[in-house]
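Protein chains in written order, with our numbering: chain V, 920 to 1426; chain C, 22 to 123; chain P, 144 to 763; chain Y, 9 to 516.
Fair warning: there could be bad hints in the mix.
List of simulated lysine-lysine pairs, BS3-like, C-alpha gap at most 30 Å [as the list claims (entries may be wrong)]:
#, chain 1, residue 1, chain 2, residue 2
1, C, K111, C, K122
2, P, K680, P, K697
3, P, K675, P, K508
4, V, K1031, C, K111
5, P, K680, P, K508
6, V, K1031, C, K122
Non-contacting residues of chain Y with respect to chain P, defined by C-beta distances greater than 10 Å in every case (computed) [to be verified]:
#, residue
7, M9
8, M57
9, K115
10, S197
11, V213
12, P288
Treat the hints as calculated values from the structure; they're not laboratory data. Quick reminder that beta carbons are idealized off the backbone N, C-alpha and C, glycines included.
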Amino acid sequence: MSASDVIPVAISGSDLLALAPHIALSVTIVFVMLLIGIKRIYAISSAVSMVGLGTSAVLAFVQFYGALSNDTSQQITPLFRIDLFSLFFIAIICCAAFSLSVFAYSYFMRLKDDQDEYQLLLLLAALGGVTLASSTHFIGALIGLEMMSMALYGMLAYPVHSHENSGGSLESAFKYLILSAVASATMLFGIGLLYTETGLLTVIGVGEFGSDPSALIGIGLLFIFAGMAFKLSLAPFHLWTPDVYEGGPMPASAFLATVGKIAVAAFMLRLIAHTNALSIVSVNFAVLSVAIFSVLLGNLLALRQQNLKRLLAYSSIAHMGYLLIAILSFSVESDGSVSLGTGLAIDAVVFYLLAYMVMSLGAFGCASLISSSERESDSIADYTGLFWRSPWLAVVLTSMLLSLAGIPLTGGFISKFLVFFAAVEASQWLLLFVLVVGSGIGLYYYLRVIFQMLQTPSKLEPLGIKRSNWETLGAVLMLFSVTAGTLVLGVYPEPILNLVEQIGLSL
Amino acid sequence: MDTIPFEHGLLLASALFALGLVGVTTRRNIVFVLMSLEIMLNATGLVFVVGSSKWGHADGQIMFLMILTLAAAEVAVGLALIIQLYRRFKTVDIDVLSQLKG
Amino acid sequence: MFESLGLLPTFPLLGFLTLFLAGGFLPRRMIGLIGAGSIGLSFLVALSIVMPFLSGDSEEVRHVVYTWLSVGNFESTFGLYLDGLTVVMILVITGVGFLIHLYSTGFMIDDPSFSRFFAIMNLFVASMLILVIADNLLLLYLGWEGVGLCSYLLIGFWYTDPENGYAARKAFVTTRVGDTSMAIGLFLLFTQLGTLDIQSLLVFAQDRWDIGSGFAIAATLLLLGGAVGKSAQLPLQTWLPDAMAGPTPISALIHAATMVTAGVYLIARMHPLFELAPNVQLLVALIGLATLLIAGFTAMTQHDIKRILAYSTISQIGYMFLGLGVGAWSASIFHLMTHAFFKALLFLGAGTVILSLHHEHDIFKMGGKWRQLPVAFASFMIGSLALAAFPFTSGYFSKDEILIGALAVEGVGLWLWLGGVVGAFFTGIYSFRLVFVVFFGESRGHHDEGEVTGLAMALPLFVLMVLALLGGFIHIPVDNVFSHGAALGAAHEEHSVSTFMHAVMIVVPLLGIGVSYLFYCAGVFSVSSLMKLPLAKTLHSFWYSGWGFDCLYKLLFISPFLWLSKVNRRDVVDTFYAGIVVLSVFGNAVSVRSQSGLLRWYILSIVIGIVLLVSLGAFL
Amino acid sequence: MILLSLVGVFFFGGLLAWLSEFVDVRLPRWVAMLSAVICAGLISRLVFMVDSGGVGLLGWVDEFEGSWIPSLGIDFFFAADGLTVLMLALTVLLGIVSIASAWDEIKERAGFFYFNLLWTLAGVVGVFTALDLFLFFFFWEVMLIPMYFIIAIWGHENRRYAATKFFIFTQVTGMMMLVSLLCLVYFHSLQFGEFSFNYNDLLRVDLPKSIDLWVMLGFFAAFATKLPSVPFHSWLPDAHSQAPTAGSVLLAGVLLKTGAYGLIRFTIPLFPQATALFAPIAMSLAVISILYCAKVALAQTDIKRLIAYTSVSHMGFVLLGIYAWNELGLQGAVMTMLAHGLSAAALFMLAGGLQHRIHTRDMREMSGFWIVAPKMAVVALFFSVAALGLPGLGNFVGEFLALLGAFSVSIPAAVIAVLGVIFASVYSLWVMQSVFQGPSLRQEGKDSTHEALLDLDRRELFFYGVMMIGLLWMGLYPQTFLDFSSGVIEDLVMSDDAAALYAREFSK
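Generate coordinates for the entire structure from the input sequences, incorporating the hints supplied.
Next up, the structure:
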């Protein structure tokens, strides 16, 4: 009667092969841990981490293209499923983690001692994200989610041990710890309710409630949604976001903003795609109001923000709201199930996540390039005249901000375009209105930052910490590839769109 | 054999969960906050146990084990941070953590 | 031969371009030569066109230079048209224009902006010629606006004085009001008749519209609006006296001889249309009558030599309108021509006076100047006689014809005639008031100055004197133009006018001159004693202010307009958008308060969120 | 192919101009000028193509089609007809003029300036030639960014406010257009089974009556903002008064025309029924724009703000002519676009020149410049009287035709709009009076700052001369221009049942 009875629990060799990215990551973690134990050489442990992340990314890509050509998906125990969808997210999470590792390398360069463990934590968090993105079972999801969260506490609090002035970091970690635990508990409570009603912990079967689900299922789903909404920093569960972003070191905030969001969103997508949750009136209405609330509140909060990290945090609230708009545009069939084949909504969501990841990486990358663990350059005033002090960096940051604002030539435009398109298809006029209003307000604060960069400062002070070119070479290269990525997404999205369509179908 | 109706278990779990939430919200001492968190997590664990007994299979109990682990890990990290906090502020009052705002 | 019609405006235009582009580099003599010479050439061209025209059978001539505009069914050409009416106009414009240009070469010789003056004058003549030879209303409108622009530029010629600039703008904007009405008229004519070509338009109108039809009335009213603006008739007459701020030759050419009579030309040109709207035609007559009387009264009270002449111009154009209104088309055009002669003469004479007396305008600071300024005196004498319609001067014939035309109108004809005669009486008074005050009596200042004169200035005066005296014997070749409308033809009606009426028309101006003599020369009556009467004083100040039209318009239009323009400097629409900004900032301020940094509040918000969501689930 | 290379020349020219700054700071302006001249050459080829070939709504003189995002039915589809060519010619001419006006004015970061200038032009060319609606929207948005930079970097004292306002206004209404556009595409996919953004395809879409009007309004909002029309105009005075001269020239001369172009090319053909319903409102907006902004213009003391408001007023005639939707009205709108492009650009150049010389835009501090700078005064006079609609100059032809077209559909609208002409004479002459006439401050010894006021130099005279000749040409032989657009406009008017609908709507 339950799906878990059908799916074999044993793991075969091919299953292990399918889990190669996970395994690669795990091996790297162990290896790096050993390395650190043997001798602390920051460069080497960082390099090994990067290699590990890179390897798993490559593996994921290889598998992805393999799956693309023979159109397979593999269920590995009830916990995980390796299909185009999860491979895609594994790949981009690994890529994101890779670049974050590169940014972190130069950022923590000047930390007095114990730089190495950050990379380890990052690997762990990445593994958590990868696990979450590929799980089809609540236990798998729990493991992934918590692995990521636990590592993130450490990452956020990372400078605490060596800096006297890192109170912000401590506060940030603490807030995230407590709130995240509350949210996890909420989500788990919801899962529990669902479990008592259906007897299932798998995502795939749990959703077939029939046409008239009991109220408990609705409430359970709402609890789960609340927990995820916290992780995605959706209003009204968003209050932690700016504080945590601001307090944490730049690369950790960046990780939280990218991998932390994408992995959860991937799981949520799977959940929504396999349940007819959106056909439950209360859930649908809850998602709708959260979306509207997030878009408006996120943009309003950012309006006069003077701190770039907080600004990006607020903007991420709004962006997750846009994402929900696309999710709400899934076409729901008459029997309540979500039909992903018709309509652009799933394409919009996946593309949006990709583009959002790229542009957040770029924005945080720029910020972390001119910051270091000793001094965070996160006030907008720090960016005055960036255009004339460091033109290339300013171009990168500008294109990222424009992308966040959804201006053409950038990936952000295409993703917003797709959201618009999906919402039009679903005739979500209210949401479209909110989208227009929110984006309109949003323009103001992105432009504010850009304008600040364009101003001629009275005195050109050196940027942040002076570092040698070698130290930042990797980060710079990474920034340029990220920028190139945004532009390619914006100018020639066709290949990605085709992939995204396949990915949506595989879900 | 008469079993306890699962609704009762759920009600108890909900009560515990709410209790935990209230505790997290109102306590100022961080240690108590962590304890309240434990209560919440254990409440959710109870739900799984109830569910597992309702359906007669082990999934929920495995989940409960996971939750226990999770709670332990949270507390471990939390306590480590509390030590740092106490070093810095000489207090465990949660309200000192309000430097970041706006 | 008639292809050279296009050359008419070409010479002045070339003169304009030459002076505009190279004026700064040319010596003054050269500028004068080009400026006046181009008009002279144009006059010769005009003669060369007119001679064969008059000797032939006076058929209309058309010559299309090129298609100006062609959109869909709308077509307007750069087409030229010549008939008797045009002949009169081009001769007046080029002839009188040439004399005035010639005069200006002497008058303006010391002005620093000599070349600018001639450039604009030439442009004016070109525009005026286009106005009268245009075969369609759009091209006519081009000339119409072109002369308006030149008038603006020349009134404000001495631009450093803001007063002059104000007068210039007043002139332009006031006439623009009329022009706008005329433009609407063009829209109406085109949408109803499908063409703006004057001749076909008139034919279509007569075919399609009944007499007194609504369209005809609307169209003629709108055209009349344009005409009263340009010709300074009620209610748009107020700009002309102020327009005297420009150099005197300008006043002679633009504000007496040519441009201000464009309205008369327009109505005469469109007369078949007006005949379709008898009520409007009557309105034209009434406007003319009212204007001529009002301006006559005002002219009697002015002190400024040029303002007197300006009001007299308004008054005389009133006569022309009266003539048009009563269907005495050719009489009006005749008066237009004679008026051009004697009024140009008067203005140029006034120019000599003013220049000689170092820019003195107040006639009461002159006096007894006939010895000192003989040429000016002669000009004024002859000009005033013609103006006052002294028998057998040019003005006598033309005014006579108009008044006889007025008599022919059934019903109100006698009243119109009577008004015209009263006007003639006042004309006599004010024209000779000017002569007596300036040239007779004792000198009240400026004793030593001699007359500024030279061949360039004197020759035009002499020619104009001759024309003003004898112009009445010229026969204008407009019979063909107005033939179909000449049911009330003068030849037939003249016999019905009694000798008594003729006598009245001869005697009344003389009476006016006599009254003027008694007041201002013989000293039998004294204005100052008359002014002791409160009624007279009130009337005097009322008349002096031009019947209070300026004040009225200031109250009705200018003040509200100025208020309007000041009241919304910051654009009230913008406050709506500013409101959105304020709202957003307010929303930001409110929502930012939620980011208190307090962990317990954050938890509480999550709790609230959960409660909200779950209660949603419970209730939905 | 020419169209693509036009965009390409501006695009790469911009990049090259930026890079060339590192070689020599004087190089970028030459690079920019060269690119513009190359484009002018390309356009002259197009002109001959229009002359020789038949043109019509669907008969493009030149087109380029390439695949872009086939999965969404998006193509690189550029095409041009007579109307486009006119607009392109105006764009390139004013592009050259704006480069010239920046020649000495922009000294700082010239490379980046010309980069932005050329990219704006690239965007505008794209807007005029793109006939895939996604591509159109893409360019529509893209051209704003460099313009934003131009205002934000080289603008005057209040540039942050102005640039942001400009950007947000156009972006937000752009998004409204996007929603409408997507509706249209969606209904195309419902009716024809596939996505397509192709103009020719979308023309066939038949929208349900219930949403037709709303979808049309999305397009209208975007175009009316760019045009601009009351009540969407308030970004314009700020943007104009703060932008550097070249920016103002481009804004007034070219960017505003994209709005009108959009209305002609897209809004009305795509939504004939809704347009017919909406036309009375649009014409009312036009009339209000004409009068209201003329009125507000009078109240201004900032000369650039004043000219900006007059621009809105003049663009009201364009709107009026377009919504009259007959040949006369449309031709009038097109002529007004061309003529206003030149006259407003020239006036902004003059205002910019004044500001460059005396460092103020406040007319209360100006007086009697005729004596000091007679050439400038004459040039200003010429363009002022052009603006007030003197026959013989281009503006008159445009406004006359637009009004004539409007008169045949709505007499009240045309009659009230004509009053705008009176206002135009008031404000145009007021500017002349307060800036160039009156007593010279220098002569009265009141002011020393104006001593630096130099008259126009040869380079400036040349460009003003070109524009003057252009306006005279338009005024005296407009047939040259009318012939370009007549084919297109005839087809537009014929192809729609709009004309019939109009008659019906107005007769109610």
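Each hint, compared with the structure:
1. K111/C / K122/C: holds (22 Å)
2. K680/P / K697/P: holds (23 Å)
3. K675/P / K508/P: holds (22 Å)
4. K1031/V / K111/C: Given pair K1031/V, K111/C holds - Cα atoms ~25 Å apart, limit 30 Å.
5. K680/P / K508/P: Holds: K680/P and K508/P sit about 21 Å apart, inside 30 Å.
6. K1031/V / K122/C: Holds, at about 28 Å.
7. M9: holds (32 Å)
8. M57: holds (23 Å)
9. K115: holds (32 Å)
10. S197: Non-interface label stands for S197/Y: nearest chain P Cβ at 33 Å, farther than 10 Å.
11. V213: About 29 Å separates V213/Y from the closest Cβ of chain P, which puts it past 10 Å; holds.
12. P288: Check passes; 18 Å lies beyond 10 Å.
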